[in-house]
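Given next are the chains, with one letter for each unit.
Number of protein chains: 2
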Amino acid sequence: MRRIKTSPGQYLNQLFSISKNYKRFNQRFDIFNRSMWDDSIDPKAFYVSYDITNYKPKKSEGFKHWDYALRNASWHLTDFIGERNPERVEGFTDYYTLHTQGPPQKMELPAPEECSQRIKRAAAMLGAGMTGICEIDERWIYSHNFSRQTGEAKPFDLPEHLKYAIIIITPMDYELTKTIPSAIGGSSTGIGYTTSLACANGLAQFITNLGYEAVASLNDTALSIPMAIQAGLGEYGRNGLLITPKYGPRVRISKVFTDLPLAIDQPIEFGVKQFCNSCRKCADGCPAKAIDQGKAQDSPPNISSHSGIKKWTVNAEKCFKFWVNMNTDCAICIRVCPYNKDYSKWWNRWAIKLSDSFLRKLLLKLDNWLGYGQRKKPDEWWNLDNLK
Amino acid sequence: MRRIKTSPGQYLNQLFSISKNYKRFNQRFDIFNRSMWDDSIDPKAFYVSYDITNYKPKKSEGFKHWDYALRNASWHLTDFIGERNPERVEGFTDYYTLHTQGPPQKMELPAPEECSQRIKRAAAMLGAGMTGICEIDERWIYSHNFSRQTGEAKPFDLPEHLKYAIIIITPMDYELTKTIPSAIGGSSTGIGYTTSLACANGLAQFITNLGYEAVASLNDTALSIPMAIQAGLGEYGRNGLLITPKYGPRVRISKVFTDLPLAIDQPIEFGVKQFCNSCRKCADGCPAKAIDQGKAQDSPPNISSHSGIKKWTVNAEKCFKFWVNMNTDCAICIRVCPYNKDYSKWWNRWAIKLSDSFLRKLLLKLDNWLGYGQRKKPDEWWNLDNLK
Numbered sequence: 078m079r080r081i082k083t084s085p086g087q088y089l090n091q092l093f094s095i096s097k098n099y100k101r102f103n104q105r106f107d108i109f110n111r112s113m114w115d116d117s118i119d120p121k122a123f124y125v126s127y128d129i130t131n132y133k134p135k136k137s138e139g140f141k142h143w144d145y146a147l148r149n150a151s152w153h154l155t156d157f158i159g160e161r162n163p164e165r166v167e168g169f170t171d172y173y174t175l176h177t178q179g180p181p182q183k184m185e186l187p188a189p190e191e192c193s194q195r196i197k198r199a200a201a202m203l204g205a206g207m208t209g210i211c212e213i214d215e216r217w218i219y220s221h222n223f224s225r226q227t228g229e230a231k232p233f234d235l236p237e238h239l240k241y242a243i244i245i246i247t248p249m250d251y252e253l254t255k256t257i258p259s260a261i262g263g264s265s266t267g268i269g270y271t272t273s274l275a276c277a278n279g280l281a282q283f284i285t286n287l288g289y290e291a292v293a294s295l296n297d298t299a300l301s302i303p304m305a306i307q308a309g310l311g312e313y314g315r316n317g318l319l320i321t322p323k324y325g326p327r328v329r330i331s332k333v334f335t336d337l338p339l340a341i342d343q344p345i346e347f348g349v350k351q352f353c354n355s356c357r358k359c360a361d362g363c364p365a366k367a368i369d370q371g372k373a374q375d376s377p378p379n380i381s382s383h384s385g386i387k388k389w390t391v392n393a394e395k396c397f398k399f400w401v402n403m404n405t406d407c408a409i410c411i412r413v414c415p416y417n418k419d420y421s422k423w424w425n426r427w428a429i430k431l432s433d434s435f436l437r438k439l440l441l442k443l444d445n446w447l448g449y450g451q452r453k454k455p456d457e458w459w460n461l462d463n464l465k
Numbered sequence: 078m079r080r081i082k083t084s085p086g087q088y089l090n091q092l093f094s095i096s097k098n099y100k101r102f103n104q105r106f107d108i109f110n111r112s113m114w115d116d117s118i119d120p121k122a123f124y125v126s127y128d129i130t131n132y133k134p135k136k137s138e139g140f141k142h143w144d145y146a147l148r149n150a151s152w153h154l155t156d157f158i159g160e161r162n163p164e165r166v167e168g169f170t171d172y173y174t175l176h177t178q179g180p181p182q183k184m185e186l187p188a189p190e191e192c193s194q195r196i197k198r199a200a201a202m203l204g205a206g207m208t209g210i211c212e213i214d215e216r217w218i219y220s221h222n223f224s225r226q227t228g229e230a231k232p233f234d235l236p237e238h239l240k241y242a243i244i245i246i247t248p249m250d251y252e253l254t255k256t257i258p259s260a261i262g263g264s265s266t267g268i269g270y271t272t273s274l275a276c277a278n279g280l281a282q283f284i285t286n287l288g289y290e291a292v293a294s295l296n297d298t299a300l301s302i303p304m305a306i307q308a309g310l311g312e313y314g315r316n317g318l319l320i321t322p323k324y325g326p327r328v329r330i331s332k333v334f335t336d337l338p339l340a341i342d343q344p345i346e347f348g349v350k351q352f353c354n355s356c357r358k359c360a361d362g363c364p365a366k367a368i369d370q371g372k373a374q375d376s377p378p379n380i381s382s383h384s385g386i387k388k389w390t391v392n393a394e395k396c397f398k399f400w401v402n403m404n405t406d407c408a409i410c411i412r413v414c415p416y417n418k419d420y421s422k423w424w425n426r427w428a429i430k431l432s433d434s435f436l437r438k439l440l441l442k443l444d445n446w447l448g449y450g451q452r453k454k455p456d457e458w459w460n461l462d463n464l465k
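Sequence order for the protein chains is A and B. Heads up, our numbering is the position in the first sequence plus 77, with the first residue counted as 1. Heads up, our numbering is the position in the second sequence plus 77, with the first residue counted as 1.
Listed below are the simulated BS3-like cross-link pairs for lysine-lysine, each with C-alpha atoms no more than 27 Å apart in a straight line:
{"id": "1", "chain 1": "B", "residue 1": "Lys323", "chain 2": "A", "residue 2": "Lys422"}
{"id": "2", "chain 1": "A", "residue 1": "Lys183", "chain 2": "B", "residue 2": "Lys454"}
{"id": "3", "chain 1": "B", "residue 1": "Lys183", "chain 2": "A", "residue 2": "Lys136"}
{"id": "4", "chain 1": "A", "residue 1": "Lys183", "chain 2": "B", "residue 2": "Lys121"}
{"id": "5", "chain 1": "B", "residue 1": "Lys418", "chain 2": "A", "residue 2": "Lys323"}
{"id": "6", "chain 1": "A", "residue 1": "Lys398", "chain 2": "A", "residue 2": "Lys387"}
{"id": "7", "chain 1": "B", "residue 1": "Lys323", "chain 2": "A", "residue 2": "Lys418"}
{"id": "8", "chain 1": "B", "residue 1": "Lys453", "chain 2": "B", "residue 2": "Lys135"}
{"id": "9", "chain 1": "B", "residue 1": "Lys183", "chain 2": "A", "residue 2": "Lys121"}
{"id": "10", "chain 1": "A", "residue 1": "Lys454", "chain 2": "B", "residue 2": "Lys183"}
{"id": "11", "chain 1": "B", "residue 1": "Lys422", "chain 2": "A", "residue 2": "Lys430"}
{"id": "12", "chain 1": "B", "residue 1": "Lys133", "chain 2": "A", "residue 2": "Lys183"}
{"id": "13", "chain 1": "B", "residue 1": "Lys135", "chain 2": "A", "residue 2": "Lys183"}
{"id": "14", "chain 1": "B", "residue 1": "Lys422", "chain 2": "A", "residue 2": "Lys422"}
{"id": "15", "chain 1": "B", "residue 1": "Lys183", "chain 2": "A", "residue 2": "Lys135"}
{"id": "16", "chain 1": "A", "residue 1": "Lys141", "chain 2": "B", "residue 2": "Lys183"}
{"id": "17", "chain 1": "B", "residue 1": "Lys422", "chain 2": "A", "residue 2": "Lys418"}
{"id": "18", "chain 1": "A", "residue 1": "Lys183", "chain 2": "B", "residue 2": "Lys136"}
{"id": "19", "chain 1": "A", "residue 1": "Lys323", "chain 2": "B", "residue 2": "Lys323"}
{"id": "20", "chain 1": "B", "residue 1": "Lys418", "chain 2": "A", "residue 2": "Lys422"}
{"id": "21", "chain 1": "A", "residue 1": "Lys133", "chain 2": "B", "residue 2": "Lys183"}
{"id": "22", "chain 1": "A", "residue 1": "Lys183", "chain 2": "B", "residue 2": "Lys141"}
{"id": "23", "chain 1": "A", "residue 1": "Lys387", "chain 2": "A", "residue 2": "Lys372"}
{"id": "24", "chain 1": "A", "residue 1": "Lys366", "chain 2": "A", "residue 2": "Lys442"}
{"id": "25", "chain 1": "A", "residue 1": "Lys418", "chain 2": "A", "residue 2": "Lys366"}
{"id": "26", "chain 1": "B", "residue 1": "Lys422", "chain 2": "A", "residue 2": "Lys323"}
{"id": "27", "chain 1": "A", "residue 1": "Lys422", "chain 2": "B", "residue 2": "Lys430"}
Derived DEER-like restraints, expressed as beta-carbon distance ranges:
{"id": "28", "chain 1": "B", "residue 1": "Glu457", "chain 2": "A", "residue 2": "Val125", "range": "46 to 54 Å"}
{"id": "29", "chain 1": "B", "residue 1": "Ser96", "chain 2": "A", "residue 2": "Val125", "range": "50 to 58 Å"}
{"id": "30", "chain 1": "B", "residue 1": "Tyr251", "chain 2": "A", "residue 2": "Glu185", "range": "24 to 32 Å"}
{"id": "31", "chain 1": "B", "residue 1": "Gln178", "chain 2": "A", "residue 2": "Gly371", "range": "45 to 53 Å"}
{"id": "32", "chain 1": "B", "residue 1": "Trp424", "chain 2": "A", "residue 2": "Pro378", "range": "48 to 56 Å"}
{"id": "33", "chain 1": "B", "residue 1": "Thr177", "chain 2": "A", "residue 2": "Pro181", "range": "37 to 45 Å"}
{"id": "34", "chain 1": "B", "residue 1": "Trp424", "chain 2": "A", "residue 2": "Gly371", "range": "48 to 56 Å"}
{"id": "35", "chain 1": "A", "residue 1": "Glu457", "chain 2": "B", "residue 2": "Trp424", "range": "26 to 34 Å"}
{"id": "36", "chain 1": "B", "residue 1": "Thr177", "chain 2": "A", "residue 2": "Ser376", "range": "36 to 44 Å"}
{"id": "37", "chain 1": "A", "residue 1": "Gln451", "chain 2": "B", "residue 2": "Lys240", "range": "37 to 45 Å"}
{"id": "38", "chain 1": "A", "residue 1": "Asn425", "chain 2": "B", "residue 2": "Ser137", "range": "40 to 48 Å"}
{"id": "39", "chain 1": "B", "residue 1": "Asp462", "chain 2": "A", "residue 2": "Ser376", "range": "41 to 49 Å"}
{"id": "40", "chain 1": "A", "residue 1": "Val125", "chain 2": "B", "residue 2": "Tyr251", "range": "40 to 48 Å"}
I should point out that these hints are in silico values taken from the structure, not numbers from a laboratory. Every residue gets a Cβ at the ideal spot worked out from N, C-alpha and C, and that includes glycine.
Bound conformation, chain A alone (with noise of 0.2 Å):
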C-alpha cells in the first residue's frame, strides 16, 4: 500500500481526473429522490417491503417472511432516529441534528497531529473500523438539498468554518453478503447503517463536547466515496464502490463535518484500478448489466451519477429497476468482488498484497478456482454458529 503524495491545493487535482465542466451534484437526482418525482422510476415493490405489516412476502429461501423481518428490524434505529422530525429524512437528505448543546468555551487543543489521532481513537471505540481525515472540498457537497417532503431542492451550502471531514468506515457483515441477493442480506445494509449512525453521532457528540462544531452524515449532504478516497481509506473499483484495503468494499461510509482543526491524511493507492481493470466480475455477475466492461469514463450513463470526474459508474436506473422487481436491495457486486475477503486471516492479507503485483492475474484465476464470491444459500446464514 502507497501513501499518494500531494501538494496542497493540488492535490484533489492529482487524485481525481476532473474536467472543467464538473458541476456539484443535486440530490433531486439521486435515485432515490428521482423515484418521488419521476415518473419513470416505479418504486413501489421496494418501499412496500419495508412496511412489515402489509407486506405479503414470497415462499423462496433468502426472500421469506423471517428474512424481511431480520432486514427491516437491523433499519430498525436508524428509521427513528432519522424520521423523527417529519420535515427532515435524517442520514438519507438531511444530516443529524440530535446533539446536546457543547460547553460554552472551545477546549484548549494538543497540536492537529495529536487531535487527529484521538479522534481516530475514539471512532474506533464508538464503532468505526477505519477512520480518515480529509479537507473538505465544497465540489462533494451536494449543490441542492432535496427535500422529500415538498418535492423541492433548494441550493446548498456547507458553512465554510466546517473546514474538515472525518471520514468513518463501518465494515458490512460478510457472513450475510455471501447470501446476496436475498432479503435477509440485505440485513447487512441495515446494520451497516445503524452502526454508522451510532459512530457519527457520537463522535460529533464527542467533537461538540469538546467545545467545536460538528454534524454527522450518513447518505446526506455530500458524495462519501471520493471524500473517502481523498481521506485515504481506498480506490474507485470498477463496481462504482470504494475498495478499502481492510475489508475490501464491505462497507458503509458516514462523516463528520467539523471546524475543529486536524491533521489530513494522504490518499492510498493498493493496485485497485489495475485489478479492476484486469477483473470483470462485478459486471459480469450483474443480473441487470448496469456494470460497465470498459474502461473509467467522464460521463455517467444518465443523470443520477455525478458527471465531469473520470471514475467507473454504476448505471443507477438499471441498478435501482433489479431491485425494485427483487423487492430487497442488492449487492451482488459486492458479494463477487474479488477483494470482498475476511481479511482477519493472514492468507486473504497477503493475497490483497500479491494483488498489488504482476501476479494479479494469477490470484483472479486462484480466486475462480477456489470458488471466492459464489453465493452462499441463505438458510444455511440462519443456522450459522453463534459463537462470533
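Starting from the known structure of chain A, arrange chain B on it as the hints suggest.
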C-alpha cells in the same frame, strides 16, 4: 464448562440458594433511584459531570475534559432515546417503547429449538457477544416500578403471556477497562449500553415483525444477573457481577421479554464459585471496601440489594459513594478480576479451562506474577494504535 442438568419447575431452586423469605426487589431501593429520595445519599458530584456545559473537570490524567467529553458522548444515543419521553427513563426505570407495529397475524414458526437458533443468530448480527434464553421467573421481576419524575414506586407485574427472556451479553472495551478508575474508562460502560440498546431494540423489533410481542429492557424491569445465570451465560462472582466464559466480568446485560415460543438454555458452571473462594483480588482492590472478603451470604449489606438469595453482594452504598467522590463510575472490580482477559487469545482460553481445576491457585499466582489487572495510564489509551 459443564451444563447443569436441571428438572423443569425445580431448576431455579437447584441453581440458586433461595430462602423462603425471598421478596421481589423494589426498584425504589436501587442505589440510583434511592439517590433521588434518600437524603443520606448525595449524588450531586456524580451527576454533574454528565452535563458537560457546566462541568469543570480536574487536570489529572484520565479525568480531563477530553476524557469526560468522550465518556459523555459514549452515552449520548442511550440518553437521547431513553429520555425522549419526560415521564419515563427507558432502559433504566422503564422498558423501551420504540417499536413500530408488526403484522396482523402471528407467523408460522419452526420448532422452538430452531426458533431459538434463529433468535441467537439475529442477536449476534445485531451486536450481541453471547445470547441465552430462559423462562421468566417472576422472582427476578421488580415488584415496584419507580418514577424519577414523581418519586413514587408503583406495583409492577410483567404480563404472564411474556413467558421467555432472551438475555443479551455485550462486551465492554478491554483496553478501556485497563484504565479504570478514570473518566475515560467510563466510556466502556457508556458504549456497552449504547450497543445493548441497539441490539435489544433491534431484536425486539425483529420479534415484533414476526407477529409476536417483545419488550426490550436494559437495567429496568428485572434483575439481569440471575436471569443471565439461568440462561446459561455465566456464574455469580465475588464482585457481585456476572462472570461469563467469553469475556469474564467485562459485560453489559440487556434483555428481551417475549411470548415467542423458544427452547431454553441450561445453566453452566466453569469453576467461578471455587475460584472466587480462593481469590480476593476484587475485595482487596476496592478502595471503598465494598466487596466482602468472606463467603457468599443471603443477607445483603443494606436495602439496595435483594435479600433471601445466597450470593456475594457488593455494598452499593459504599460503592456509589466512591463513584460520587470520583465524579465518574468505577469498575476496579472488573479491571482486577483474573477473569478479565482477552479470550480471543488461545492462551487465555486455556487458562480459563485450567482455572476450573486443582490448578486454580497456581493460576492465581501466575496472574499476579504476570501483572494482569494492573492499571494502565489513561493517556496511553488515547495513543493506542487505531487498527482493531
